[in-house]
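Sequence lines, in order, name chains Y and R.
For the first sequence, position 215 matches number 214 in numbering that gives the first Met the number 0, and the numbering has no gaps at all.
For the second sequence, position 162 matches number 161 in numbering that gives the first Met the number 0, and the numbering has no gaps at all.
No wet-lab data here; the hints were simulated from the structure.
One should not assume that every hint holds.
Label pairs and their in silico Cβ distance ranges [said to hold, decoys possible]:
(1) R:Glu70 to Y:Glu227: 58 to 66 Å
(2) R:Glu152 to Y:Arg97: 39 to 47 Å
(3) Y:Glu125 to R:Glu152: 36 to 44 Å
(4) Y:Asp94 to R:Ala203: 43 to 51 Å
(5) R:Lys56 to Y:Gln82: 12 to 20 Å
(6) R:Gln206 to Y:Pro35: 26 to 34 Å
(7) R:Gln206 to Y:Glu251: 37 to 45 Å
(8) R:Ala203 to Y:Gln169: 49 to 57 Å
(9) Y:Ala26 to R:Pro102: 23 to 31 Å
(10) Y:Arg81 to R:Gln206: 43 to 51 Å
(11) R:Asp237 to Y:Gln206: 45 to 53 Å
C-beta: ideal position from N, C-alpha, C; glycine also.
Number of protein chains: 2
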Amino acid sequence: MPENRYVHGYSPRESERLSDQAETLTALLHNDTRYPAGSQVLEAGCGIGAQTVILAKNSPGALITSLDISEESLKCAGEKIRQQGITNVTFRQGDIFRLPFAPGSFDHIYVCFVLEHLTEPGCALEQLRPLLKEGGTITVIEGDHGSTFFHPENEDARRAVKCLVQLQQQMGGNALIGRELFPLLSGAGYQDVHVSPRMVYVDASRQSLVEGFTKLTFTAMVEGVGPEVAKQGLMDADTWNRGIAALYRTAEPDGVFCYTFFKATARK
Amino acid sequence: MPENRYVHGYSPRESERLSDQAETLTALLHNDTRYPAGSQVLEAGCGIGAQTVILAKNSPGALITSLDISEESLKCAGEKIRQQGITNVTFRQGDIFRLPFAPGSFDHIYVCFVLEHLTEPGCALEQLRPLLKEGGTITVIEGDHGSTFFHPENEDARRAVKCLVQLQQQMGGNALIGRELFPLLSGAGYQDVHVSPRMVYVDASRQSLVEGFTKLTFTAMVEGVGPEVAKQGLMDADTWNRGIAALYRTAEPDGVFCYTFFKATARK
């Protein structure tokens, strides 16, 4: 993995977007992950701690170690944790491919929105496996931008989303990784792999998702790569702007927006 | 609606496909629809009765009237019902746009895999609404071919699926209608519209879906329009064959297949 490269960047607006996203999606993605008191949990790739807060609150008795490669992100995550008065998280700087832990250190591993950014996600999963105690579990959550569809249908909007996929690919990532969790975990030697798709379905009867997901999470994320798309000439400005407008259009009263996350669990 | 035109045709293999589909998807799509004993239920567009059987079995005390435009389909549906010893279904030939019923005739209306074939689905929903008693409900189930994604990703397979969408469009239908149920029902004046997406997620740990859905339902459906695709020259034979092979490829042990149905309920 190229160090410190992250398709969405590290701007304050991006930090805000990640927190909006985490709040909107908490129930859908995280609320069925609860670790027992006293269990050792590794969060591999905690970023700015958007998920760390949820993880720690849902499992207040667990002892969580949150690892990230970026010192800057860790600083941000640490601040977030302190602000919330959370005390069961320890931060550790390190590379997911050169893990600074002894084999069998953890009861559970939690990996959320990380594999999509790695060139060799299967290899990362293989590296993580020995860190689990016998019978320990891994939980992986990823999105899949190719699962996106909406009404009204719009070709420019589709192309804009594809640009994001393309940029993430250029950086060695895979924005379509959600659908691959089953073969990735199976291929890395995990047992009892179970994948649960979690669709975010948004229509006008779900206003908090219209704001919190369609606009503030997804469309803001696509919009955020606009400068890079322009720089690389992936789409001309007019078509790009029409695409972004068409994505916002799906948040109107007769619009619909669908996106699917995948949550996988497996045993060592 | 052009009469008696149906994108998938009326062959025996198609009948078999529809029954395979109905069995595999029963739990996912139908098991939460139960009508009280004595209630009057209209199934608008019953086709060959694949859903009629499920509907009648799940609501054995309801009085079901199943309407279809095709006499041939009705004959087939009637036979199916008799074979199963079901006695709470009455068949009626008729057009969904010239409904042969008095206003307020029904407590509930059930419309499954029908709107996708209509040029004016919103108009059909408007026509159906007066048939409901006050407070009566409508339930609509539709697929959405644009919700399809799979692993391994394959451009030819995508194009093959798009051909099916295109053919259905040529015949006045809309294979992407699932995502539109909320605006369609709201626009037709229904209240309390609630849409529930139902994703069929298939990986190697779910063998009955690998066979029953990925292969026998979805890929067989796409394959079935091959002759028409060839006739119209929408795709050359080699690319088409590669596309179909790539769809079957998603049924291999490391493959994944996703498709989403939408189930909507609303009140008059």
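*Indicate whether the distance between the beta carbons of R:Glu152 and Y:Arg97 respects the range 39 to 47 Å.*
violated, 30 Å
*asked:* Does the beta carbon distance between R:Gln206 and Y:Pro35 stay inside 26 to 34 Å, or does it fall outside?
replied: holds, 33 Å
*asked:* Against the range 12 to 20 Å, how does the distance between the Cβ atoms of R:Lys56 and Y:Gln82 compare: consistent or not?
replied: violated, 56 Å
*Verdict for R:Asp237, Y:Gln206 (Cβ pair) under range 45 to 53 Å*: holds, 49 Å
*Indicate whether the distance between the beta carbons of R:Glu70 and Y:Glu227 respects the range 58 to 66 Å.*
holds, 60 Å
*May I ask you to test the hint 23 to 31 Å on the CB atoms belonging to Y:Ala26 and R:Pro102?*
violated, 42 Å
_Please check whether Y:Arg81 and R:Gln206 have a Cβ separation lying inside 43 to 51 Å._
holds, 49 Å
_Beta-carbon spacing of Y:Asp94 to R:Ala203 - inside the hinted bounds 43 to 51 Å or not_ = violated, 31 Å
*Return holds or violated for the Cβ distance of Y:Glu125 and R:Glu152 against the range 36 to 44 Å.*
Once the Cβ atoms are compared, 23 Å apart, the range 36 to 44 Å for R:Glu152 and Y:Glu125 is violated.
_Distance restraint evaluation - R:Gln206, Y:Glu251, Cβ atoms, bounds 37 to 45 Å_ = Hint holds: Cβ distance 42 Å, inside 37 to 45 Å.
*Should the hint that R:Ala203 and Y:Gln169 are 49 to 57 Å apart at their CB atoms be regarded as holding?*
violated, 31 Å
Checked against the numbered hints given earlier, this structure breaks hints 2, 3, 4, 5, 8 and 9; the rest are met.
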